[in-house]
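In this text, residue positions in the sequence shown follow the working numbering: the first is 1, and each later residue adds one.
Heads up, a few of these hints could be off.
As a list, the in silico SDA-like pairs of lysine to any residue whose alpha-carbon atoms are at most 20 Å apart [to be verified]:
1. K263 <-> S234
2. K154 <-> K286
3. K542 <-> Y177
4. K286 <-> T226
5. K136 <-> R186
6. K154 <-> G71
7. K392 <-> I320
8. K54 <-> K136
9. K561 <-> A589
10. K358 <-> G318
11. K50 <-> Q40
12. K287 <-> G406
13. K594 <-> T529
14. K50 <-> S92
15. K358 <-> P326
16. K55 <-> D43
17. K358 <-> F379
18. K352 <-> R410
19. K561 <-> G492
20. K287 <-> R410
21. K538 <-> R572
22. K538 <-> N577
23. K561 <-> T504
24. K286 <-> Q227
25. K542 <-> K582
26. K352 <-> Q317
27. K286 <-> V356
28. K561 <-> R459
29. K548 <-> S584
Label-pair ranges, simulated between beta-carbon atoms [what the hints assert, rightly or not]:
30. I334 <-> D43: 38 to 46 Å
31. R598 <-> R87: 46 to 54 Å
32. K55 <-> K154: 36 to 44 Å
33. G315 <-> A575: 49 to 57 Å
Hint data in this document are derived by calculation from the structure and do not stem from the laboratory. Each residue gets a CB set at the ideal place from its N, CA and C atoms; glycine is no exception.
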Amino acid sequence: MKTLKFAMCIALGAIFRSPLQAQTVSISAAAAISPEHPEQLRDAILAAFKAGQKKVVVPPGVYRIPSSNAGANLEFADLKEFEIDARGAVFSMLDNSKGGIIFRNCQGVTLRGATIRNATFPFTQGRITAIAPNRKSFELQIDAGYPTTLDNTKAFDSRTTYYIFDHTTRRLKNGTYDYGNSGLLRLAPDRFQVSFEGAFGPEIEVGDLSSMRGRGESGLHNDGCTQMNIRGVSLQASGGFGFFESGGAGNRYDGVSVKPGPKPQGATAEPLMSENADGFHSAGTKKGPTIENSLFTRMPDDGIAIHGEYQMVRGSQGAIVTCMRPWPGAPYAIGDRVALVAQNGVPGGEAKVVAVQKLADDLLPPLATDFPHFRDNHFFFQLTLDKALDAKPGDVVSNLDQSGNGFVLRNNTILDHRARGFLLKARDGLVANNLVDGSSIAGLVMGPELWWGEGNYTRNVVIRGNTFAHCGYATTGPWNEQAGVLSVLGTGDSPDARGHSNLTIENNAFVSNDGINVVLDGLENSTFTGNKFLDPQKMENKRGADRKMDSGALIYVNRAKNLRIEANVAQRVGAFNTSLVKISAHASAISGAKNGVRVGGAKNADIRNPLDLQYTGDGAMRREMHDPAIKGR
Numbered sequence: 001m002k003t004l005k006f007a008m009c010i011a012l013g014a015i016f017r018s019p020l021q022a023q024t025v026s027i028s029a030a031a032a033i034s035p036e037h038p039e040q041l042r043d044a045i046l047a048a049f050k051a052g053q054k055k056v057v058v059p060p061g062v063y064r065i066p067s068s069n070a071g072a073n074l075e076f077a078d079l080k081e082f083e084i085d086a087r088g089a090v091f092s093m094l095d096n097s098k099g100g101i102i103f104r105n106c107q108g109v110t111l112r113g114a115t116i117r118n119a120t121f122p123f124t125q126g127r128i129t130a131i132a133p134n135r136k137s138f139e140l141q142i143d144a145g146y147p148t149t150l151d152n153t154k155a156f157d158s159r160t161t162y163y164i165f166d167h168t169t170r171r172l173k174n175g176t177y178d179y180g181n182s183g184l185l186r187l188a189p190d191r192f193q194v195s196f197e198g199a200f201g202p203e204i205e206v207g208d209l210s211s212m213r214g215r216g217e218s219g220l221h222n223d224g225c226t227q228m229n230i231r232g233v234s235l236q237a238s239g240g241f242g243f244f245e246s247g248g249a250g251n252r253y254d255g256v257s258v259k260p261g262p263k264p265q266g267a268t269a270e271p272l273m274s275e276n277a278d279g280f281h282s283a284g285t286k287k288g289p290t291i292e293n294s295l296f297t298r299m300p301d302d303g304i305a306i307h308g309e310y311q312m313v314r315g316s317q318g319a320i321v322t323c324m325r326p327w328p329g330a331p332y333a334i335g336d337r338v339a340l341v342a343q344n345g346v347p348g349g350e351a352k353v354v355a356v357q358k359l360a361d362d363l364l365p366p367l368a369t370d371f372p373h374f375r376d377n378h379f380f381f382q383l384t385l386d387k388a389l390d391a392k393p394g395d396v397v398s399n400l401d402q403s404g405n406g407f408v409l410r411n412n413t414i415l416d417h418r419a420r421g422f423l424l425k426a427r428d429g430l431v432a433n434n435l436v437d438g439s440s441i442a443g444l445v446m447g448p449e450l451w452w453g454e455g456n457y458t459r460n461v462v463i464r465g466n467t468f469a470h471c472g473y474a475t476t477g478p479w480n481e482q483a484g485v486l487s488v489l490g491t492g493d494s495p496d497a498r499g500h501s502n503l504t505i506e507n508n509a510f511v512s513n514d515g516i517n518v519v520l521d522g523l524e525n526s527t528f529t530g531n532k533f534l535d536p537q538k539m540e541n542k543r544g545a546d547r548k549m550d551s552g553a554l555i556y557v558n559r560a561k562n563l564r565i566e567a568n569v570a571q572r573v574g575a576f577n578t579s580l581v582k583i584s585a586h587a588s589a590i591s592g593a594k595n596g597v598r599v600g601g602a603k604n605a606d607i608r609n610p611l612d613l614q615y616t617g618d619g620a621m622r623r624e625m626h627d628p629a630i631k632g633r
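From just these sequences and the hints, can you work out the full model?
Have a look at this one:
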């Protein structure tokens with residue numbers, strides 16, 4: 001839910017805090033920490049740090065964190081070069097309306113091995129038992145043991161988003177969408193009538209399963225932190241994002257996971273979801289995250305998202321630009337690089353900041369715009385640049401030095417969830433040897449979203465050795481421009497909207513994906529080489545058709561220049577393929593249009609991936625590692 005994303009991104013506003021003063025504290029942290037006294041956990045950890053200790057060990061056990069803690073369930077500020085070893089410890093948060101753990105303005109802190117979960121699920125689930133004749137409502141029987149508080153506005157928005165799951169595979173049902181309800185009526189203590197403004201189609205049937213987003217905050221939030229080391233931490237039943245970082249730089253996450261966790265007490269059904277938003281969300285960092293050897297599954301939103309922020313231009317005079325944004329503050333410092341993008345998606349150049357000035361709130365009246373993110377902005381600031389850019393009202397600017405550049409995503413697994421496996425809007429990154437299996441919209445998307453205020457165009461990104469399987473099957477459709485399992489996208493309506501450059505997409509495997517497998521749009525000086533397609537387009541899928549994309553093309557190229565397509569192989573191409581490479585009239589200097597993809601090759605595809613998977617010659621798949629929330633696969 002995009003509203004949830006940006007409500008949580010308010011933390012991007014700069015908050016400056018003074019570090020804790022060193023002091024001697026007469027307390028033994030080790031003695032004070034035990035599962036029998038969870039109310040002492042935070043204070044004992046802080047006492048150990050203030051006493052000059054470099055490490056504290058949290059003994060194994062279940063810590064039921066009380067709701068009396070102010071702020072987040074566990075909040076730590078201004079820690080430096082400190083380790084919390086919580087291997088074997090489970091932090092069970094009794095107040096699921098709060099965030100799990102928040103680190104603020106910390107540096108070089110290691111959190112090792114903790115499991116963080118909400119004691120009460122921040123969502124619920126059940127089975128559809130009846131459908132109204134007009135198909136504008138269904139009855140939902142809540143599964144035993146799961147919350148029956150759908151009509152409690154402290155736990156759920158009165159209008160939220162419902163998702164439909166197949167009762168056999170327990171994954172999102174093929175051909176279903178996001179369903180925003182318009183009404184809710186309690187029929188019994190554990191049964192509800194869920195109403196919708198429009199009629200839903202035959203894709204929803206009696207017996208289908210459903211879950212929905214509830215309220216809550218992130219499982220773990222690094223706010224303004226640098227060089228954090230989060231290792232072996234598992235998040236379960238988070239109320240918002242799983243992992244969230246805002247501001248800061250250079251944090252590392254190794255062997256972490258977002259997954260459903262155990263059933264609630266009294267339940268027999270496994271959880272359908274793991275949390276309420278993205279598995280990992282990085283916003284406005286000076287250096288992007290390094291995420292390795294990690295697992296993200298069963299989210300109702302993206303697996304890993306990395307982005308900066310767009311602000312809208314309201315006026316300019318020479319090198320002075322007046323901007324607005326939804327939140328207080330000006331997210332720039334002297335020397336930061338500014339990128340301009342016109343309303344039509346064409347990049348407008350870059351400059352450096354030489355001065356920043358905050359302006360009065362509500363300085364100018366609201367602006368009529370097609371971009372929802374900017375329709376109700378109240379906060380203004382002014383940038384003085386080292387050179388003039390041709391900035392016009394309605395264009396957008398972004399801080400290239402707070403966009404998550406330099407990210408590394410390696411050896412991760414993203415399984416069976418709604419939306420995109422990777423949603424990337426940053427430069428100088430590496431995406432290598434990951435497995436993305438079952439992302440409902442796309443496996444990987446790169447491109448700015450002006451309408452939603454997230455940037456930027458990407459440069460110097462390597463996408464190598466990844467496997468993308470079974471993507472693009474639900475919560476998407478012909479209207480979606482993110483039509484490829486791998487989609488590189490420009491923005492706006494100009495044929496010259498090319499802002500991506502120097503992308504290397506090589507030696508990836510695309511397995512059992514219908515519809516367009518790859519969209520290459522809005523890029524230049526890039527390569528797509530040595531990739532393999534196994535069993536593509538066996539079934540019809542019209543993603544992108546309303547955008548005038550050829551949904552039968554294996555690779556669709558638009559608004560590209562100086563692109564090399566070479567040494568790619570497709571095996572057992574399905575009946576719904578119409579062309580291997582389709583190039584629009586807005587692309588130029590494309591090599592490999594006719595011979596960049598070869599059909600045939602060895603019977604067994606040599607496909608590298610981080611799990612012990614073997615894709616055999618007949619298209620069958622053997623999985624050695626199962627998503628714990630899915631049965632029958």
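- Message: To test your reading of the hints: which numbers does this structure violate?
- Response: Hints 2, 8, 14, 18 contradicted; others consistent.
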